[in-house]
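Each protein sequence line maps, in turn, to chains D and X.
So for the first sequence, my numbering puts the first residue at 19; every next one is plus one.
So for the second sequence, my numbering puts the first residue at 19; every next one is plus one.
Please note that the accuracy of each hint is not assured.
[Unchecked claim] Below, in silico cross-link-like pairs of lysine-lysine (DSS-like), each with a Cα-Cα straight-line distance of 25 Å or less:
| id | chain 1 | residue 1 | chain 2 | residue 2 |
| --- | --- | --- | --- | --- |
| 1 | X | K518 | X | K192 |
| 2 | X | K491 | X | K167 |
| 3 | D | K192 | D | K517 |
| 4 | X | K480 | X | K491 |
| 5 | D | K480 | X | K326 |
| 6 | D | K326 | X | K480 |
| 7 | X | K517 | X | K491 |
| 8 | X | K480 | D | K480 |
| 9 | D | K167 | D | K491 |
[Stated by the list, open to error] Label-pair distances were calculated between CB atoms; the ranges are:
| id | chain 1 | residue 1 | chain 2 | residue 2 | range |
| --- | --- | --- | --- | --- | --- |
| 10 | D | E476 | X | T444 | 56 to 64 Å |
| 11 | X | P470 | D | E217 | 32 to 40 Å |
| 12 | D | P125 | X | R152 | 52 to 60 Å |
| 13 | D | V521 | X | P50 | 54 to 62 Å |
| 14 | D | C479 | X | S327 | 44 to 52 Å |
| 15 | D | E58 | X | V83 | 48 to 56 Å |
| 16 | D | Q473 | X | V190 | 25 to 33 Å |
| 17 | X | P50 | D | G311 | 32 to 40 Å |
| 18 | X | E57 | D | G97 | 52 to 60 Å |
Hints listed in this document are in silico derivations from the structure and should not be mistaken for laboratory results.
For every residue, glycine included, the Cβ atom is placed at its ideal position computed from N, Cα and C.
Listed here are the chains, written in short residue letters.
There are 2 protein chains.
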Amino acid sequence: MAATTTARRRRRTRESISPAAAAPAYLTRRIPAYELLDEEALTRLENHAEWLLSEVGIEIRDDPVALELFREAGASVDGELLRFDRGHARALCATAPATYTMHARNPQKNIEFGGNHLVFGSAYGSPFVTDLERGRRYATLEDFQNFVKLTYLSPWLHHQSGTICEPVDIAVNKRHLDMVYAHLRFSDQPFMGSVTAPERAEDSLAMARIVFGEAFMQENLVIQGNINVNSPLVYDNTMTAALRVYAAANQGNVISPFIMAGAMSPVTQPALIAQAHAEVMVGIALTQLVRRGAPVVYGSFLTTMDLKSGAPTFGTPESTLATLAISQLSRRLGLPFRCGGHLTASKLADAQAMQESTNAMNPAIMAGANFIFQAAGWLESGLTIGYEKFVMDAEQCGSLARVIQGIEIDTDQLAGDAYREAGVGTNFLGVSHTMQHYRNANYRADLCDASPFEQWSEAGCKDMQQRAYDRWKQLLREYQAPPIDPSIDEALLDFIARKKDSVADAWY
Amino acid sequence: MAATTTARRRRRTRESISPAAAAPAYLTRRIPAYELLDEEALTRLENHAEWLLSEVGIEIRDDPVALELFREAGASVDGELLRFDRGHARALCATAPATYTMHARNPQKNIEFGGNHLVFGSAYGSPFVTDLERGRRYATLEDFQNFVKLTYLSPWLHHQSGTICEPVDIAVNKRHLDMVYAHLRFSDQPFMGSVTAPERAEDSLAMARIVFGEAFMQENLVIQGNINVNSPLVYDNTMTAALRVYAAANQGNVISPFIMAGAMSPVTQPALIAQAHAEVMVGIALTQLVRRGAPVVYGSFLTTMDLKSGAPTFGTPESTLATLAISQLSRRLGLPFRCGGHLTASKLADAQAMQESTNAMNPAIMAGANFIFQAAGWLESGLTIGYEKFVMDAEQCGSLARVIQGIEIDTDQLAGDAYREAGVGTNFLGVSHTMQHYRNANYRADLCDASPFEQWSEAGCKDMQQRAYDRWKQLLREYQAPPIDPSIDEALLDFIARKKDSVADAWY
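So that you can see chain D by itself, here it is in the shape it has in the complex (with noise of 0.2 Å):
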């Protein structure tokens, strides 16, 4: 008896923890877009990117291949600095398709950018990772395949996002072998590759063609680089070359300027959202230049600092005013657009992270952003990742998952046949709609306790952040790879062998 109850309850944890299976692949939109400038207002900050990019320019480094692309295509060339004619970067991309499909491993975990669907993805880039047992400390590639298992396992993740973290036990011009490999190995989603060096784009995509075929690359998004700009009004060689790998294959490129106003730009919100305009065109322009129709994401990281020490701080007021306001330029443009995520300056999972990420996040939700990644364990400013904070967030996205389908009008929603049935003045706990739509009429964020204070207090007084150490812990217990074709892994396995048996360990 005892062991048939436990059994039960296992089942059922299991499923109510891992629902992933059961999942959308991706999120459609019904609600609208929030307008927060005019038509006047809309047009002026269009203009003024038009200005930086006719009058101030921008500059690329070190890549006389862009340049010259740019050349052809009639730009001004004076040295590095590009300059456009009014509206010829904006006509540049017009190649650019406004959606297109994204191929998983699992074809059932294909999702779809742009028009009104949307994308979660897990965090990016950072080389801390900390948890309550353990601490802050450098970040391995073991805490880089737990997070892909975890991303993995949550039912409102939907793309693996790049590098999670970094793996940094492993030289730096092999890591990203590894990281790959744990993308198709431990996840059947959709991810990044490598943006670090051209040479390590290219590994990337070589791996991908082993999964996916060459054939069906040139004609099938499976892979992305995720290209930040050196704002102000700078691209680094590192990164557009890394770009024109991707297009070149014609695989897609998400352009991120990452702009903290005040240093990387100036401190207003309308000169910072102009220049960010200004600089994610000319990424685009690139990628059509290099292949037309090449899969591109217009995005956006604009945020704020702490004008006093430098420090830069996430889920401010500027910054949500900031996102709202490109994500209506990104609309005209008629372009896939990415903005927002869980983000934040703490340094550990508490009031202020969950504060910060929720003030973070709700702008993107609100602007229509198609797709979200640093959605999932974002800590310190991004140097930071959390396995606590990861399952909160992750739970969150379920939250607004179901924000974004609205309200259906009709006659069962209004339930009629419920006041009918209750009359005046009696709950409606027992009548037949409800005992209907009990199942399902509330999402159910499980991290969030709402049990009586005596219930909570025998229980221990956890906080958040202590149920959600105890989450991450057993998903990662209950976790199961995905399946995958023996001689395709060997291939992988292989591969990344003669790639790390070819050149010596680089640690910088």
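Given chain D, put chain X in place with the hints provided.
What follows is chain X alone, placed relative to chain D:
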């Protein structure tokens, strides 16, 4: 030298934590409200509310005066059950003013209700209080006074709310006297009076008259009652009697259906929204039947419950959608609108608390709410008010105050000169534009720590809750009461003494 530094630091600290004097008495919104639903959906919800009032009906219990007012106005009265022809209740709301001023003891703190204005108020109604030092306990009058002081000290809280917490050390039939006195003595902002019995509402008015004068109050709003509906579709006489007392004196009422969908309404949002709309219209109509033109707020408090345990839940996606939708119905009625708050089921000021609170507040801000009380201090589904939570929430109100300012686009904000000065690829930290703007460019949330990990560690690895503890202790240490005419103070104390002597203590 050391003494001078200390003195300077003290002065600076006091300025930074008590800038209430320089803060605006209320906010004016410069961003559009979010429109979730289209015309067809809104009409359908309104029609369903009319169906509820015409077919199902609504009860007013044990208040023959209110029933008679509705009978005279042409409603159908069957025992205690009221029914309205379609459109009738709505038509009765038409004499309520769309905008009005609420007067504070300090005229500089007068606030505006309705239109584009927004007023933040503190929490309301919790019997328990908690802080990091002493833990959870019953609230006392000292706690009540402390929260009045903390509200007064915050630059971002404009309204004292009313029963910020229940001073359970004072007899039930007398505590309203001490509460109203605390509002009048320890603050100079607007506040609400008692609604727990009509004679206590009368006492609240009497004390207000000592300060404002009877003639002034015949023409001007200085005190409000917060009227809850006993949903579904019932008003109790305690509430309607208090409502009538305030309305008859031309003072204010906030009509607030508090509905947990699944219990006090059907579980589906369209039913919840239509029912709340029907309920609130009847309360508003009653204020107008008592006195045409009496100021009133269209309130709503729509949330969810854990349908397995029956526990109330906050900041959920379903409550977000309901808040966004009912705000549209309120705007179509053209009345000042109350919704939202920093609401949570969490027992302490942890990640859950600020995640849920931020999620509960954001839709109210996007929806264009005019009055948001419960904006500071809420914990444990309203059963507890927290000192640490209070100061966190108040600071977050400051951030939202910045959001609703929106983005102003002009030549200075576009910062063309900054680019001419900095050029391409160099940072903007030192340019004139940044130097001119850096002090006021960004809202500064002092409780949010953005310092480097090492600095944060050296300062003791404090989480936000611990920093908030330091904050409220300091605020209370530095609190100084606003001035009051000694003769008025004496008259208030005399009134209270006489009232307290006139009856025995009652404890329930």
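Hints versus structure:
no. : hint                         : in the structure
1   : K518/X to K192/X             : 6 Å, holds
2   : K491/X to K167/X             : 12 Å, holds
3   : K192/D to K517/D             : 8 Å, holds
4   : K480/X to K491/X             : 16 Å, holds
5   : K480/D to K326/X             : 21 Å, holds
6   : K326/D to K480/X             : 21 Å, holds
7   : K517/X to K491/X             : 34 Å, violated
8   : K480/X to K480/D             : 18 Å, holds
9   : K167/D to K491/D             : 12 Å, holds
10  : E476/D to T444/X: 56 to 64 Å : 60 Å, holds
11  : P470/X to E217/D: 32 to 40 Å : 34 Å, holds
12  : P125/D to R152/X: 52 to 60 Å : 58 Å, holds
13  : V521/D to P50/X: 54 to 62 Å  : 57 Å, holds
14  : C479/D to S327/X: 44 to 52 Å : 18 Å, violated
15  : E58/D to V83/X: 48 to 56 Å   : 54 Å, holds
16  : Q473/D to V190/X: 25 to 33 Å : 28 Å, holds
17  : P50/X to G311/D: 32 to 40 Å  : 36 Å, holds
18  : E57/X to G97/D: 52 to 60 Å   : 57 Å, holds
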